[in-house]
Every structure is written in structure tokens, then in C-alpha cells.
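Colleague: Protein chains in written order, with my numbering: chain A, 1 to 338; chain B, 1 to 338.
Each hint should be verified, as a subset may be incorrect.
[Stated by the list, open to error] Derived contacts from chain B toward chain A, CB cut-off under 10 Å, selection only:
no.: 1; residue: Ile143
no.: 2; residue: Gly251
no.: 3; residue: Pro262
no.: 4; residue: Ala267
no.: 5; residue: Glu277
Worth flagging that the hints you see were computed from the coordinates, not collected in a lab. Idealized CB from N, CA, C, for every residue including glycine.
Number of protein chains: 2
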Amino acid sequence: MPTNKQIHLASRPEGEAQAGNFRLVTAETPPLADGQVLVRHHYLSLDPYMRGRMNESKSYAQPQPVGQVFQGGTVGEVVESRNPKYAVGDKVVGFGGWQEYSVVDGNQPGMLRKVDTAHVPLSHYLGAVGMPGVTAWYGLVKIIAPKAGETLVVSAASGAVGSAFGALAKARGCRVVGIAGGPDKCKYVTDELGFDACIDYRQHPDAKSMSAALKEACPQGIDGYFENVGGYILDAVLSRLNAFARIALCGMIAGYDGQPLPLANPALLLINRVKLEGFIVSEHMEVWPEALKELGTLVAAGKLRPRESIAQGIEAAPEAFLGLLKGRNFGKQLVKLI
Amino acid sequence: MPTNKQIHLASRPEGEAQAGNFRLVTAETPPLADGQVLVRHHYLSLDPYMRGRMNESKSYAQPQPVGQVFQGGTVGEVVESRNPKYAVGDKVVGFGGWQEYSVVDGNQPGMLRKVDTAHVPLSHYLGAVGMPGVTAWYGLVKIIAPKAGETLVVSAASGAVGSAFGALAKARGCRVVGIAGGPDKCKYVTDELGFDACIDYRQHPDAKSMSAALKEACPQGIDGYFENVGGYILDAVLSRLNAFARIALCGMIAGYDGQPLPLANPALLLINRVKLEGFIVSEHMEVWPEALKELGTLVAAGKLRPRESIAQGIEAAPEAFLGLLKGRNFGKQLVKLI
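With these hints in hand, go ahead and build the complete structure from the sequences.
Modeller: The following block contains the structure:
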């Protein structure tokens with residue numbers, strides 16, 4: 001039985017999340033029962049939604065239990081199997097949590113999925129061809145439902161969701177404008193991801209300045225907005241919406257740590273007859289096959305070139321996660337365990 | 001040619017609308033051209049949306065031009081006709097504005113509609129069986145789309161829109177909770193309109209108190225909300241929404257006069273995966289026939305008993321309108337001209 005290093009949630013944050021909220025624990029992997037497989041994780045996924053789950057309070061996800069392995073998506077390789085559907089060596093995507101190994105019931109639907117790594121690197125199944133990619137797809141296709149020629153905006157544009165959103169929107173003939181932090185990320189968003197423009201929010205630290213920047217980048221106004229951030233950026237976007245604009249509300253990371261962030265002028269939602277919808281992609285499993293197929297094709301064709309920030313070793317997970325919450329990552333944040 | 005007393009918009013309000021923003025003007029009705037009819041107005045409709053049109057700024061309706069007849073819905077009788085489709089004595093609904101007579105091109109589609117007054121009093125075509133009723137219908141049927149057994153809330157419940165909303169929602173097997181100002185209105189909402197409960201917002205003048213009152217009136221939480229008001233009531237409703245709740249955003253009268261009213265915690269829209277949609281009913285003319293048919297049937301069957309506040313004479317229109325904005329009306333506010 002291999003030794004299995006794990007990260008547990010040690011305590012809930014008061015205000016900002018801290019390294020002390022996590023604890024490194026060493027466990028043994030238990031012997032397999034019939035139907036189970038042992039997966040060695042190659043990569044852990046770090047995602048902004050996890051911050052919400054650290055809080056006790058009602059959130060869009062169930063709270064992460066204290067004193068247990070921190071939950072999250074993983075990709076890896078089957079290293080032992082007592083299930084005829086999985087062979088040693090199979091590459092799999094699952095929800096194994098922040099640990100080096102997980103024991104999975106291979107007969108429970110949706111727990112484990114075999115993936116092809118011939119055309120798509122394994123790690124991308126945690127990003128562009130995984131939950132973040134499907135998140136972008138759902139918000140774009142099912143909520144924003146754009147027509148060719150419309151102008152769409154996405155915040156956190158260089159991240160896993162934002163970069164997929166850009167490629168999917170360009171494939172539908174839209175003008176796509178990103179918002180990201182710093183000149184390097186903005187350059188990547190336009191030069192590598194193919195966005196039409198990108199606004200550096202550090203240069204526009206309030207709603208008025210951001211609104212002016214959006215006016216310049218979106219001369220025809222904004223028809224659709226994919227929200228990952230909240231706060232003053234949402235206020236600024238609202239001031240530039242066209243009539244009948246659609247907003248896909250996916251994340252509001254700006255408010256995760258403390259007091260709610262108000263929306264300055266909700267009457268704009270009425271004035272512009274806006275449709276806004278909050279969603280969580282795991283509640284829409286029916287779209288995953290269609291979305292993953294399109295995303296895989298875009299990656300294989302080189303039309304979506306997702307960038308990854310990779311931390312090394314399970315011990316690095318908490319700091320990498322805290323950095324993600326502050327925007328220190330550049331592209332999809334992963335932890336590599338092999 | 002009869003003399004035609006009119007109310008014009010004299011100036012745009014700065015802050016609260018005032019009587020001085022209106023001006024009484026006496027004009028002559030011009031001779032009819034071919035195809036035109038002369039309508040003598042029996043009732044003018046006063047509606048909250050008109051306040052938004054008094055402002056210069058971008059709103060959900062085009063601004064009302066200064067120095068012209070104040071626009072609005074009217075019902076009346078054809079008193080002269082040079083159009084074979086209309087005979088003297090026909091009862092008609094139109095958009096004749098705040099004046100005693102209007103000259104209408106009877107060939108232009110949508111300008112004038114003949115109505116049956118055998119089962120529905122003429123004035124109701126400006127309320128329950130008119131634009132306000134269709135507004136309630138659209139928000140309920142097309143946005144909230146309730147299932148039987150769900151709990152729905154509507155603000156301004158004793159008004160023209162709110163009372164129609166209640167009858168339509170009860171017909172669909174929902175629990176309906178109103179919010180209104182003062183014990184008389186609340187009693188009318190429950191006893192005459194058949195709502196399951198009504199909350200007096202004067203007894204609950206802040207979000208915390210309103211939220212507690214909503215919790216009591218909506219023990220199963222809120223599945224749908226029809227918003228006429230905005231401000232702290234919307235904050236309170238958001239705190240009681242169920243997952244996958246729907247909000248029809250029809251009016252935010254609380255913010256018409258001045259500074260935008262912020263929304264305290266927009267993250268609740270994400271946490272509860274809410275669908276919110278702003279709308280203006282005149283952009284959905286395709287639903288009017290179906291909606292008017294249901295509303296007319298409810299009124300004829302005595303299942304929707306709309307109440308009216310009636311001011312007498314064109315000169316009374318500005319004060320009655322200002323009273324409406326302060327909630328001084330009780331039910332649909334009209335001005336009677338005959």
C-alpha cells in the first residue's frame with residue numbers, strides 16, 4: 001500500500017483564506033474492495049469555486065467538511081484495479097481531491113472517466129477540456145446564446161474559463177473582449193487566445209475608468225457578459241450593455257472573503273431588459289458530452305491554446321490556491337504530483 | 001371643432017417630480033383627414049412607467065418630449081369618423097395621451113382597438129384587461145413560468161399589475177404573497193384579491209425586518225418574484241429565494257427620482273442560480289391576445305376584482321400622477337374626463 005499525502009481543510013477562514021486553514025496529513029491507501037480501483041493522481045485542479053466551499057455559509061456549492069481531504073478534480077492513472085472496466089495504465093479524470101492517490105468505486109456512474117491522451121494532454125482535462133471549459137460553454141451557448149457579430153465580454157479572460165470562452169465565442173463569429181490583470185496576461189489574451197481586445201483592470205481600478213475602457217473596446221456596446229469576478233467590473237459592464245443583453249453569472253470571486261459587494265445600479269437591468277442567470281455547471285451534466293467534444297476539437301486543432309500554471313508537489317497546493325485567489329496564476333492552475 | 005384641454009410636459013424633474021413640471025394647455029381639435037377618427041376620451045391611464053419617461057436619461061422607454069401632450073393610454077368613444085372601420089359610438093382603447101380628445105389614423109395598425117363593454121367595464125381596458133394586466137401575465141407566464149405549489153411574491157400588490165398577477169398566479173395553483181403599503185391595502189389584497197398573505201412594508205421599513213416577514217409568509221421560500229419597486233424590498237426578497245428562483249423585473253419605482261439604489265448582495269443571484277429578466281410589455285405584442293383573453297375571462301367571472309382610484313377632470317391628472325408615485329392610489333389610478 002503506497003503512502004498517501006493529503007491536504008485537509010483544517011479550519012474555515014475568517015475573512016481571507018490563509019495557509020493555516022490547510023493541513024498536510026499522511027495516510028495509507030486502504031486495500032481495494034471488489035469493483036474499486038486505485039488511481040495515482042498526476043494533477044490536481046485548483047479552481048476559484050473552492051473558496052466558496054471553504055465557508056460554512058450557504059453557497060452555490062456544498063461546504064467542504066472540516067478535517068477531511070480537500071475536494072477537487074484530478075487526473076491520473078489507474079495503478080491497481082479490481083474492476084474489469086479499468087485496466088492498470090488507463091488515464092482517468094475524477095474527483096479525487098487534494099491527495100496523491102484515491103480509491104474509487106469504478107461502478108458508480110460519473111466517478112471516473114477514461115480519457116484519450118493522444119490528441120489532448122492529460123492536464124487539459126482539468127481545464128479547457130474539463131469543468132472550466134464546459135463552464136464557459138454553458139454560459140456562452142445556453143445563457144448568452146450569441147449571434148454572429150455581437151460583442152461579448154469576459155472577466156478573468158486569461159484563466160481556464162475565460163480562455164475557453166474566447167475560443168468558443170470566436171468560433172461563433174463574435175467580437176470578444178477580455179478583462180485581465182496586467183500587461184502580460186492581456187498580451188496573451190489577444191496574441192495567443194485571439195481575443196479582439198483585452199482591458200487591464202489594474203489600469204482601470206474603478207467603475208468609471210473601466211466603463212470608459214469598455215466603451216473604447218466595445219464601440220457597438222456589449223451584448224453578452226460572462227461574469228467571473230463581480231464588484232466594480234460588473235458595475236462598469238452594466239453601464240455599457242445594449243438592450244436585450246445577457247449575463248451569465250458564473251463567479252463573483254471579488255466578494256468571497258468578506259462583506260457582500262453591492263451592485264451599484266440594478267435599475268440598468270430593467271432599463272436594458274437584461275437577462276441574467278446564475279449557474280453552476282455540475283447541475284447541467286446533460287451538456288457535458290456536446291461541450292467536451294467541441295472543446296477537444298478546438299484544442300486538437302490548435303484554436304484553443306490553454307496556458308497552465310503548475311505548482312510541484314502536494315505540499316504546494318495551499319499556497320498555489322491562495323495565489324489563484326489573488327490572480328497570481330497565469331492560465332489554469334494545477335498541482336503536479338509526479 | 002370641440003375645445004381640447006391637454007396636459008403637456010413643461011419641464012423635466014430635478015429629483016422628485018412636481019406639479020410645476022406639467023402645464024395645462026387649451027387647443028382646438030383639427031378637422032379630420034381621410035382615414036382619421038376623433039376619439040373623446042372617457043378615461044386616462046396613469047402608470048408608474050411614465051415617471052421614467054419624464055427623465056432625459058436613457059430609460060426603458062423613450063423620453064416624453066417636453067412641450068408636447070403627455071403620452072399615455074386612453075379609453076373612449078368615437079365621436080366623429082372618416083374611416084369605414086370605425087363608427088360613431090364605438091368604444092376604443094388607444095394611446096391618446098393626457099387630453100380630452102385625440103385624432104387617430106384608424107388605418108395605422110395598433111393605434112386603436114375596438115372593445116366590448118358588455119362584460120368588462122370600459123375603464124378596465126386600461127388596467128386588468130389592458131397594459132398592466134398583460135404586464136403581469138408576461139412576467140408570470142413567460143419569465144417566472146411557475147409550477148403549481150410554488151410560492152410567488154409580488155410588490156405593489158394592490159395596484160393594477162399586482163392585483164392581476166395575484167389572480168393569474170392563483171389560477172395556476174401557486175401560493176401568492178403580496179407586499180403593499182398599509183393595513184387597508186393589505187386587507188384588500190388578501191380578502192378581495194385572494195392572495196394567501198400580504199406584508200405591509202410600512203411595518204417593515206428595512207431589509208432585515210422585511211426578510212423576517214417574508215420568512216414567516218413564505219415558509220417554503222420564494223420561487224418567483226415580480227418586482228415593481230426595487231430598493232430594500234428586493235434585497236429582502238433575494239435573502240429568501242430558493243435555488244432556481246426566477247425574478248421578473250418590471251419596475252423599480254423606488255429609484256426613479258434620484259440616485260441609483262444599489263443591490264446589497266448580488267452574489268445571492270449566483271448562490272441560488274437565479275434567473276432574472278427585465279422586460280417592457282410593449283416589446284412583446286405577440287402575447288397580448290392570449291393574455292387579454294385570460295384576463296378578460298377572469299374579470300368576467302369575478303375572479304379578478306380590480307379596484308380603481310379615479311380622479312375627476314383633466315386638470316386633476318398631474319396631482320393624481322404624483323400621488324400614484326407616492327403610493328397614494330388604491331388600485332389602478334385613472335382620470336375620468338366625462
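Colleague: Give a verdict on every hint.
Modeller: Hint check:
The beta carbon of B:Ile143 is positioned within 10 Å of a beta carbon in chain A (closest approach about 9 Å), and the interface hint is therefore held. For B:Gly251, the shortest C-beta to C-beta distance to chain A is roughly 7 Å, which falls under 10 Å, so the interface hint holds. Hint on B:Pro262 holds. Least Cβ distance to chain A is approximately 4 Å, under the 10 Å limit. The beta carbon of B:Ala267 is positioned within 10 Å of a beta carbon in chain A (closest approach about 5 Å), and the interface hint is therefore held.
For B:Glu277, the interface hint holds, the least distance from its beta-carbon to any beta-carbon of chain A being 5 Å, beneath 10 Å.
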